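When you get a sec, could you build the whole thing from the sequences and use the hints?
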Amino acid sequence: MTLGPQLLRFIRDELATDPGAIDENAQLIDEGILDSMALMRLITFLEERAGVRVPDDEVVPDNFQTIASIEALVARLQARP
Amino acid sequence: MSFLLWHYLTESVARYPERPAVACRDTVLTYAELDRLSLRIARALASAGIGRGDRVGLCLPKSERAVAAMLGVLRAGAAYVPVDPGAPARRGAFILRDCAVRALVTTTRKLKDYREEPGVLESLALILLADDQAAHADTHGVTTLGWTDLPEPGALKAATLGIETDPAYLLYTSGSTGNPKGVILSHRHARTFVDWGRTTFDVGPDDRLSNHAPHHFDLSVFDIYVALAAGACVVIVTDDVAAFPVEMARWIGRLRITVWYSVPSALVRMLLHGRLADQQCPELRTVLFAGEVFPMKYLRQVMAALPTAAFANLYGPTETNVCTWYPVPAELPADATGIPIGFACANSDVFALDDDGRLVQPGGTGELYVRGPTVLLGYWGLPDRTRAALVPNPLQPAYYEPAYRTGDIVRLGEDDLYWFAGRRDHMVKSRGYRIELGEVEQTMYQHPAVREAAVLALPDDEVGARLHAFVAPVVGVSIEARDIHSFCSSRLPRFMVPESFTVRDDLPKTSTGKIDRVALMNHLSAPPQEASP
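Going down the list, the sequences are from chains A and B.
Taking my numbering, the leading residue of the first sequence gets 2, the next gets one more, and so forth.
Taking my numbering, the leading residue of the second sequence gets 26, the next gets one more, and so forth.
If you are wondering where the hints come from, they were derived from the structure by calculation, not from laboratory data.
Certain hints may be false.
Okay, derived cross-link-like pairs now, SDA-like style, lysine to any residue, Cα gap no bigger than 25 angstroms in a straight line [said to hold, decoys possible]:
id	chain 1	residue 1	chain 2	residue 2
1	B	LYS534	B	LEU549
2	B	LYS137	A	GLU48
3	B	LYS137	A	GLN28
4	B	LYS137	A	GLY33
Sample of chain A residues lacking proximity to chain B, with all beta carbon distances greater than 10 angstroms (derived) [said to hold, decoys possible]:
id	residue
5	LEU9
6	GLU15
7	ARG77
8	ALA80
If you only want the chain A side, here are some residues facing chain B, beta carbon under 7 angstroms, derived [claimed, not checked]:
id	residue
9	ASP14
10	ALA27
11	GLN28
12	LEU47
Every value quoted in this text rests on a predicted model; they were computed, and no experiment measured them.
Just so you know, even glycine gets a beta-carbon here, dropped at the ideal spot from N, CA and C.
So, in structure tokens, the structure goes:
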């Protein structure tokens, strides 16, 4: 399974308080889905599942707005030597 | 005469009408603007018949409008009840029903959730939407105003003026019996704390106070009302900034914060993930922390990263706000392994009693009691719980005077400083939030397939404690950890949802037939045998 659907499932099952309302285009920050607690768990998930280390400087709102922006971040980190 | 919480605003508006009172993102309200806005809200409430003896729910993201709403409710003579907008609607609905709010200030988005919850909207006299769109949504026939529909400010009837022992706000905290309980705090309670805070930390009109804590958390009472009392500016940390440690750490200097107040874990997070030491915040002079124990190794590093600031540890349960404090020495002894919760704040009294009810002497250990104007009025609708917590002062039998039993075990040092030593019960702290493990367990038991449930808290330096759940299914039924996780997520606020769920056929028992928590704790501490999803 590619990362996108896994991410959606993780966010729905483990982070959301209202799972039904979340789809692949959800605005994760504006809709209050990603608060500080959820973000920490999401980063742990990314590090375990995608095998990347997310540097502190990359933990900025632009990289976590949507599932697509998280996928782009992971792709960029994976491409690093 | 000044005796109500909102009198701080009217006093400061007379002195500093054009100074900033509250800032949030790109919006700054001056004292004159905040005065006017809160009066408009008060008039809207009064027109709907809401006043003394009523409660108004506030369920909206932190913003200058949320602060104005608090003041508007108080000026109408009612008490406000802040509800976490990020918590499941089911929990918010419980709170709003429990204390029978008569009006609700919320957003169009949250209103949609509450419409699905029975018994919430039907009993309201007014809904005020804090976003600009006036709702044309179905609100069960309840009068609904958008922000732009607020009436012009005008005089309020003198009858709305309360007295200092009236409730000002209710804060709901985790309850061991499965539902949150509402702590009722009076104007006098809050003002006693605010006057102490303003004087002790010498807050003046040039100060800029951070508001990091959510508004349903009592740390925010300091931020908002000490600022208003001093004619200072409270600068709100929005959730999107708070979530990102590097942004958060930069924000302190960028917004020229002079007084910061938060739980230790927020500071630790900036230290570990926000490059706190690289930030420039030369104007920061005071850092206050409360809500949990600050691990020493991190406290030292945070103090080194913020060299211009003096640090102080504030202690107190929601029921008393802050009752003791300790100014942290700039040079911590190299062998210090912790810091005390200190000594009583001015106009508060604390003492500890041992198991035999005797006053604890230096060197002894016992349960901490608090007396004075900061103690709660009671728990909403829970007279038995109130009687158990608010007892006649055992040291003073001549007349009735309530003393609050904190449930916290403290040690009294030879230097007359108190040290936190643990809890009498199953309450734990994570990220400064109180969590009754019983409430989490009761929630899991509501799942029809759960036969046994236990929640354990593993101590953690970064966040205080991490929760882990164990469940056993009803015989013949299979459950997945994921299902229980979702079940809890839709019922509990995020800080109460365990981080892992382990399903077993049976939970281990002690010889008396109780769930064996020690065995489960050993299992957690051991290297994992099987991965839990």
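Practice prompt. Against the structure, test the hints numbered earlier, and report the numbers of the ones violated in rising order.
Written response: Hints 2, 6, 10, 11, 12 contradicted; others consistent.
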